[in-house]
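K.L.:
Got chain A; can you put chains L and U on it based on the hints?
Each chain, letter by letter, is given below.
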Amino acid sequence: MRAEQKKKLAVYTATGCRACEQGILDLNYQVSEIGRFADPVFWPYVLGTPWEALQDGVDVALFSGAIRTEADRQAALKLREKSQLMVAVGACAAFGGLPGLADLGGGAEAPAAAAAGGAAEEDKPTLPGIEPQTLCLSQVVKVDYVVPGCPPTQNLLWAAVLALVCRGESPARLSYAAARLPEPVAEAMASGMLPPRGTTFAGEKAVCGSCSRVKEEKKFGTVKRPYQEYQETGRCLLEQGLICQGVATQEGCGGICTGVGVPCRGCFGKAPAIFDPGTKMVSAISSTFDSKDAKEISGLVDNFVDLAGTFYRYSLPAQCSLLATPDQSSETDKGCDRCRG
Amino acid sequence: MSRVTLDALRWQEQPAQATVTVNGGAPHVYFQITAPRDVAAMCQGRPVEELPRILPILSPAHHLCAAQALDRLFGVEPPPVAKNMREALRLALFVRHHLRKFYFLVSSVEHPFTDFWSQDARRGSHSLRPLLDDLMRHGSLAQEAAIILGGRADHPVTAIAGGVSRALREEHHPRLAEIAEACRSCAERLAGFLRESVFPEGKVLGELRGLAAGPLASLTAAPEGDGLVLRDARGAEMERFAAAAVFDKVDLHREPWSHEPFAFLKAKGWQGLGATPAEGLFFVGPLARLNGGVALATPLAEAERQRLVEAIGPFPRFEVVAAYWALLVELLSAAEGLVALCQVEKLTGPVLRTIPKAPGREGHAALESPQGLICHHFRADERGLVEEVRVLDTATANNGLFGIVAQRAVEASLAQKRPWEETKKRIELSLLAY
Amino acid sequence: MSEQEFQPKIVAFLCNWCTYVAADAAGVSRFIQKPNVRAIRVNCSGMVDPSYIVKAFASGADGVLIGGCHPGDCHYISGNIKAMRRAPLLKKLLTELGVEDQRFRLRWIAASEPSHFQKTVNEMTEEVRKLGPFTRKKKNAKRSAA
Numbered sequence: 040m041r042a043e044q045k046k047k048l049a050v051y052t053a054t055g056c057r058a059c060e061q062g063i064l065d066l067n068y069q070v071s072e073i074g075r076f077a078d079p080v081f082w083p084y085v086l087g088t089p090w091e092a093l094q095d096g097v098d099v100a101l102f103s104g105a106i107r108t109e110a111d112r113q114a115a116l117k118l119r120e121k122s123q124l125m126v127a128v129g130a131c132a133a134f135g136g137l138p139g140l141a142d143l144g145g146g147a148e149a150p151a152a153a154a155a156g157g158a159a160e161e162d163k164p165t166l167p168g169i170e171p172q173t174l175c176l177s178q179v180v181k182v183d184y185v186v187p188g189c190p191p192t193q194n195l196l197w198a199a200v201l202a203l204v205c206r207g208e209s210p211a212r213l214s215y216a217a218a219r220l221p222e223p224v225a226e227a228m229a230s231g232m233l234p235p236r237g238t239t240f241a242g243e244k245a246v247c248g249s250c251s252r253v254k255e256e257k258k259f260g261t262v263k264r265p266y267q268e269y270q271e272t273g274r275c276l277l278e279q280g281l282i283c284q285g286v287a288t289q290e291g292c293g294g295i296c297t298g299v300g301v302p303c304r305g306c307f308g309k310a311p312a313i314f315d316p317g318t319k320m321v322s323a324i325s326s327t328f329d330s331k332d333a334k335e336i337s338g339l340v341d342n343f344v345d346l347a348g349t350f351y352r353y354s355l356p357a358q359c360s361l362l363a364t365p366d367q368s369s370e371t372d373k374g375c376d377r378c379r380g
Numbered sequence: 007m008s009r010v011t012l013d014a015l016r017w018q019e020q021p022a023q024a025t026v027t028v029n030g031g032a033p034h035v036y037f038q039i040t041a042p043r044d045v046a047a048m049c050q051g052r053p054v055e056e057l058p059r060i061l062p063i064l065s066p067a068h069h070l071c072a073a074q075a076l077d078r079l080f081g082v083e084p085p086p087v088a089k090n091m092r093e094a095l096r097l098a099l100f101v102r103h104h105l106r107k108f109y110f111l112v113s114s115v116e117h118p119f120t121d122f123w124s125q126d127a128r129r130g131s132h133s134l135r136p137l138l139d140d141l142m143r144h145g146s147l148a149q150e151a152a153i154i155l156g157g158r159a160d161h162p163v164t165a166i167a168g169g170v171s172r173a174l175r176e177e178h179h180p181r182l183a184e185i186a187e188a189c190r191s192c193a194e195r196l197a198g199f200l201r202e203s204v205f206p207e208g209k210v211l212g213e214l215r216g217l218a219a220g221p222l223a224s225l226t227a228a229p230e231g232d233g234l235v236l237r238d239a240r241g242a243e244m245e246r247f248a249a250a251a252v253f254d255k256v257d258l259h260r261e262p263w264s265h266e267p268f269a270f271l272k273a274k275g276w277q278g279l280g281a282t283p284a285e286g287l288f289f290v291g292p293l294a295r296l297n298g299g300v301a302l303a304t305p306l307a308e309a310e311r312q313r314l315v316e317a318i319g320p321f322p323r324f325e326v327v328a329a330y331w332a333l334l335v336e337l338l339s340a341a342e343g344l345v346a347l348c349q350v351e352k353l354t355g356p357v358l359r360t361i362p363k364a365p366g367r368e369g370h371a372a373l374e375s376p377q378g379l380i381c382h383h384f385r386a387d388e389r390g391l392v393e394e395v396r397v398l399d400t401a402t403a404n405n406g407l408f409g410i411v412a413q414r415a416v417e418a419s420l421a422q423k424r425p426w427e428e429t430k431k432r433i434e435l436s437l438l439a440y
Numbered sequence: 208m209s210e211q212e213f214q215p216k217i218v219a220f221l222c223n224w225c226t227y228v229a230a231d232a233a234g235v236s237r238f239i240q241k242p243n244v245r246a247i248r249v250n251c252s253g254m255v256d257p258s259y260i261v262k263a264f265a266s267g268a269d270g271v272l273i274g275g276c277h278p279g280d281c282h283y284i285s286g287n288i289k290a291m292r293r294a295p296l297l298k299k300l301l302t303e304l305g306v307e308d309q310r311f312r313l314r315w316i317a318a319s320e321p322s323h324f325q326k327t328v329n330e331m332t333e334e335v336r337k338l339g340p341f342t343r344k345k346k347n348a349k350r351s352a353a
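Chains as they are written, first to last, in the numbering used here: chain A, 40 to 380; chain L, 7 to 440; chain U, 208 to 353.
Chain A with its partners taken away, still in its complex shape:
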């Protein structure tokens, strides 16, 4: 492919970790060479490119990380302005991610001067201001596509790159059924026609659809915590009394965690048909209680711990309807259906 035909790519992480960017780097060899189709003109982490490199605009911006600081917000605005397609990669950008947990009232204090917002002495530099709430990308700018996961699986990252960057031209195809991707995405991967704006690169149902465990009858006799004894393979974890978020979580990972014997914690965000993952879990779990006695039920409920931190582990900023940010101004027209904000 001639240099001019390549799609210009920007890759950036706000506040989070580097797992998403490392996932993109790994794509370079795992599936196909990104360098054949994309020209990363702006990739500070790997290439050290300055902001000036964005001047002529890019075709696709892959944005990871949550918005925690003023610098993150400015970066999001700048990249949105300069890119044709803005993709939220990873749980942090998609719906807030782990950094959102700090907002659950953990009693955080700022370093003395950073809270005051000013440098103590005149020649010391300052830090960018801190946003009052952790936000996901679509609570700040309009997002065209979302690739959830913490980090997103190689399959889904490649599906996104194949559809949005390679426009179906790479010979390294991916069976869309492998990740239970919806049809519009499969079409995009094969033909290069962009899926509708706001599409999430993940499955249509809940993780239970991809989970390989055996499902019999759901009954919560007692609650178990993952450090207690349970069958690591075989029977559905929810049926064994563990809290497994898979029931409320969007599929697409193929059931990685349940496949290795640990309960799902919802890193793909809520399944599309669900209003709020916390209430879905309440509903799902309590519908399995057997008792008709109010006291007994109360006693059972006492054994559940940290509901909010478990049900909204990755999605507090965007998908917890009681804690979501108030609506943004109408200028930031959000094309993404993932958020409640």
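These are calculated hints, taken from the structure and not from any lab test. Here the structure is a predicted model, which is why all the values come from computation and not from measurement. Even glycine gets a Cβ: it sits at the ideal position worked out from N, Cα and C. The reader is advised that the hints may include incorrect statements.
[Said to hold, decoys possible] Derived list of chain A stretches under chain U, where covered just means 3 residues or more per stretch with a C-beta under 8 Å from a C-beta of chain U:
| id | region |
| --- | --- |
| 1 | 314–320 |
| 2 | 330–342 |
| 3 | 354–362 |
P.N.:
This is chains L and U only, laid out in the frame that chain A set:
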């Protein structure tokens, strides 16, 4: 007074920048981490057994450290096969991390995304393309090994209180052995290139070779048991103490211009970054691990370590080229360790986990992660919910080191009247080594 | 600051066969009731999904009431038992998210108990009025450094 901010430093785990202020005389360099990491706030109130799934936001090896801390908190000893699987994951993470660093080093010479087929002349030569591909490929293989052992590579999930959560399948064993062998060969090929072009007189690092970060004390895990070893700047052992005591020996200093605190030795007190030697500071990482001058157990790694000593002198060493060379030595050591460990009988067993009875109130662990020593200390309430989490991450432990390295890199660069772009590259290349 | 006193908005999901009838009877008999309740008639307290409750709070309600038949009297046999099973777990989640305990109530009110309905409504209105308006939990601006 003039001030220049060198923004978005390459290859840093956290968003980082270097701000240089010149007020008449010598420049003053501030190495700033510009995004907060509220790990303590994120963990508060969580069930303690969830910590191995939250803390890897710092780096993947925190998963293993947290699992070990949970073993202590629950008072259980994992069965041997679980210990082996965790160790194999740790080694796979080492291979992946160190290969990634060398990929970045080579990419500083040749643009990594040159499309060979399109003869993209703007990007320069393609001669290092095969090497970049080699490193990438084996980094991906190491990732696959980490996925097999950990469920996921970057946020692993399989290490749980008392052991691991799943057994390997039959087809995993030959695959792991295959990957380990491949990584070891790749490390050998990389060693050949590095000896030719980077160590000790090679062209890639140029004047940065001799840039020294020390002398500094170093903190590493003791080879046996639960202890930590603190060595002084001359490499002599200053103190040995239990991992549980680390937060009695180490304190944190905060500056308003960086979100990352600075770790320092309580006994010496915080003395700032300016003094030479920097009393009170210490560092962790591959170079710190070799600075004890102890011979290594595996042949290729030990041979490389000898080469290092012959070429640039005995340990302790603090300069950039030594730090890169230490990465290579460890890469070989990890790959050889992985080959030795990925054998069916070591990674199979009837019991994967010792089931805990009830949570205790306190747990701690220390582990050598690819970037350096990490320490965890948890306190839980009677229901097993987290009351307090204290983590000594490599970013904190090495914050002082990075400040010193950045300062010296800038001073040297400005003394030679280099442009700011060049200065930024020097900072990046020297920080990458540690 | 408004000169008028704060008027809580209370959303009430009332089961068609029992509580709604009681509410109706209370109204027809001109019992004195606070006007703060917005009634939503549902066929059974068991069809009230927890997400309705959370949506009500997120949409501006200050209190939510579910009224159903006494256990054993459900028109659909055990629908109210479903509601009974959900309530404690939902309450726990709501508490963790900053919704005070008194704002969400599940009450059994039979068709023949219009005065019980009146009492429930009046008590709830006053207690929620004391708690003040429900605001979605705002984060503190302070952050830790590590």
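K.L.:
Does each hint hold? Answer for all of them.
P.N.:
Verification of the hints:
| no. | hint | verdict |
| --- | --- | --- |
| 1 | 314–320 | holds (count 5) |
| 2 | 330–342 | holds (count 6) |
| 3 | 354–362 | holds (count 4) |
In the structure shown, no violation is registered for any of the earlier numbered hints.
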